[in-house]
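Peer 1: Residues per chain are reported as follows:
Protein chains: 2
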Amino acid sequence: MKEDFIVTPWEVKGDVDYNKLIREFGTEEVTDKLLERLKNHTGDLHHFLRRKIYFSHRDLGWILTKLDQGEKFHLYTGRGPSGKVHLGHIVPWLMTKWFQDKFDTHLWFQMTDDEKFLIKEKPLEEVNETSYENALDVIAVGFKPKKTHIFSDIDYIKTQYKLALKVAKKTTFSTAKAIFGFTDSSNIGIIFFPAVQTVPCFLPSELYEKNIPILIPASIDQDNYWRMARDVAEKLGYYKPAQIHGRFLPGLQGMQDEGKMSSSVESTCIFTTDTPEEVEKKIMKYAFSGGQATVEEHRKLGGNPDIDVPYQWLTFFEEDDRKLKKIYDDYKSGALLTGEIKMMLVEKLNHFLKGHQERREKAKDVIEDFMLRD
Amino acid sequence: MKEDFIVTPWEVKGDVDYNKLIREFGTEEVTDKLLERLKNHTGDLHHFLRRKIYFSHRDLGWILTKLDQGEKFHLYTGRGPSGKVHLGHIVPWLMTKWFQDKFDTHLWFQMTDDEKFLIKEKPLEEVNETSYENALDVIAVGFKPKKTHIFSDIDYIKTQYKLALKVAKKTTFSTAKAIFGFTDSSNIGIIFFPAVQTVPCFLPSELYEKNIPILIPASIDQDNYWRMARDVAEKLGYYKPAQIHGRFLPGLQGMQDEGKMSSSVESTCIFTTDTPEEVEKKIMKYAFSGGQATVEEHRKLGGNPDIDVPYQWLTFFEEDDRKLKKIYDDYKSGALLTGEIKMMLVEKLNHFLKGHQERREKAKDVIEDFMLRD
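If you're matching them up, the sequences are chains A and B in order.
First residue of the first sequence? That's 26 in our numbering, and the numbers climb one at a time after it.
First residue of the second sequence? That's 26 in our numbering, and the numbers climb one at a time after it.
Keep in mind the hints are simulated off the structure, nothing from the lab.
A few of these clues could be false.
[To be verified] Quick list of in silico lysine-lysine cross-link-like pairs, PhoX-like style, CA-CA up to 20 Å:
id : chain 1 : residue 1 : chain 2 : residue 2
1  : A       : Lys183    : B       : Lys183
2  : B       : Lys147    : A       : Lys260
3  : B       : Lys260    : A       : Lys147
Please put together the full structure from these sequences, using the hints given.
Peer 2: Okay, structure coming up:
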């Protein structure tokens with residue numbers, strides 16, 4: 026059952042086996058010991074970490090050693106602005122915000138509108154505008170204004186270009202082909218693009234004229250880029266970027282069918298701009314249930330939280346471990362019905378989205394404080 | 026004898042057969058009829074045209090038709106700033122200046138420092154500085170300040186990037202490979218670069234928001250780029266750029282051995298910054314002679330101007346047709362000795378370089394009037 030899945034920067038499909046991903050990508054597991062070291066610095070742990078939703082890493086231990094030695098890291102993450110932001114996109118940003126809050130550090134946030142133009146049937150002007158639309162969602166997450174630097178590749182290319190050239194010069198087509206699967210029919214823009222995506226791994230060091238450790242919270246499907254960045258880092262005299270990888274928020278209809286949420290399929294996702302009614306309707310209608318066919322059977326046999334999408338989503342959005350445990354037990358015992366667990370999720374999401382949407386509205390007034398432009 | 030030569034954007038070697046080039050590149054010959062049409066607009070013809078030093082073109086007739094219809098063209102040419110400027114580089118700029126003077130038109134001059142960084146063992150900062158050093162030579166040629174726009178790719182990439190992405194999206198690796206001979210070991214920067222070099226073919230149209238015909242005076246070794254630009258032009262809704270191609274100024278030791286002048290081999294070229302003494306010494310010592318071994322034999326048998334480098338150079342630098350004819354005849358008859366024709370060239374070049382060097386010095390004060398930056 027757990028054999029057929031695909032995870033690449035452009036595609037996530039099937040029921041993802043995260044242990045297998047760690048083996049295949051050659052990353053490290055986030056261990057309790059590592060979390061203990063992190064907790065020594067932060068005092069507590071985000072529920073994404075407590076629950077191993079962030080399950081894999083590269084060099085997180087090294088970041089902690091650097092912290093022990095008094096050297097601060099910067100954060101880097103990004104977004105391909107191909108359309109509206111949904112909750113699956115927000116997950117790594119929530120993780121990133123926690124790191125920023127705990128370590129009061131700079132965040133570099135890259136909007137890869139160039140990439141989206143190169144691979145989608147969309148006009149350049151549209152993806153570029155989407156960078157700014159999506160930036161409102163980034164800001165709404167609550168990042169620190171003076172330490173958060175959001176930029177569209179298209180509008181910040183002059184600053185990035187020199188480093189992109191340096192990375193590109195050290196990367197042969199053969200290497201890029203092996204990492205990204207380019208073919209003869211790939212366009213020459215997307216072949217160059219990985220050099221642009223690696224730039225923020227090194228840009229802080231260049232701008233501050235000292236070697237700065239970088240931590241990238243991201244989904245594991247982006248690992249290819251950081252692998253390339255790590256290969257090139259040494260040749261350019263920079264630190265290799267460290268990463269921490271999260272699980273995908275399942276699509277509403279479950280991971281088996283559709284992999285991660287996809288903004289191109291309305292029924293798989295909740296957008297940050299959805300109304301409370303839309304959220305309720307989508308969850309009620311589409312969310313894959315681990316419950317039984319009838320209330321009677323459910324009371325008797327209980328539900329299966331491990332495949333129940335509302336429960337899975339609550340592991341991302343219900344911060345209280347005890348509450349979550351109770352939901353798990355009650356659902357499994359049959360005390361909690363499918364309609365009830367769905368309504369719990371609806372309330373949780375609508376509460377989250379109410380705050381998000383208010384902050385997103387306010388973000389329109391302050392967006393220029395966050396955006397970098399050449 | 027005329028079979029072994031190579032002409033690519035990166036290499037020109039051997040004794041170039043220009044008629045064969047026209048066939049191989051699929052360009053058109055510059056005919057007397059075409060020159061007549063041009064002369065109707067300009068009143069006279071530059072000696073590079075009268076002597077068919079500019080021998081090949083694409084769509085020059087179309088440019089003239091556009092002129093007949095009252096539509097003005099812009100000029101585009103450029104330079105790969107890998108080192109000092111020599112007289113071989115100046116030749117296309119002299120041709121370009123003539124077109125600018127005659128048609129009072131805009132010139133876009135691209136310094137491809139990004140390309141030079143990607144293919145040479147030079148630091149990025151050095152090639153970027155060379156762009157500005159070389160720009161002094163461009164300005165010294167005498168282009169119009171308000172209508173001449175010189176830019177380093179690195180410093181003007183923000184303006185160029187959007188168009189480069191549009192070109193890149195329409196160009197597969199397969200196409201680029203066929204045109205430029207890329208291999209698996211080509212770096213991913215140089216694979217993208219052709220998209221950047223084609224940008225100025227379309228940039229004036231974008232900036233002026235109307236379709237503007239472009240004429241590119243350049244050596245034929247750059248044709249690959251314009252072929253690619255012409256393929257993409259229609260897909261993007263722009264005119265195809267027209268071109269006029271010049272012969273190479275032979276290296277001092279002749280085309281047979283070394284092809285065009287190369288700044289990396291001192292003995293093949295005269296730099297724009299050479300002193301009169303250096304010029305005299307190089308010509309006397311290195312310039313390949315079509316003369317006889319002794320004065321006595323030369324007086325008796327005469328010299329061969331067709332292989333004599335000083336004579337070949339005079340076809341580029343002696344504007345007066347009657348003087349040139351007399352030099353040809355006298356050299357052939359033996360009336361003019363090797364030492365004498367060499368001194369004629371030395372005087373001609375030193376006169377040219379004296380003016381050039383004075384203008385180059387003055388250019389330092391006005392360079393910012395010419396340079397575009399993002």
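Peer 1: With reference to the structure, classify each hint as holding or not holding.
Peer 2: Each hint tested on the structure:
1. Lys183/A <-> Lys183/B: At roughly 5 Å apart (the allowed maximum being 20 Å), lysine 183/B and lysine 183/A satisfy the hint.
2. Lys147/B <-> Lys260/A: holds, 15 Å
3. Lys260/B <-> Lys147/A: Holds, at about 15 Å.
Consistency note: the structure conflicts with none of the earlier hints.
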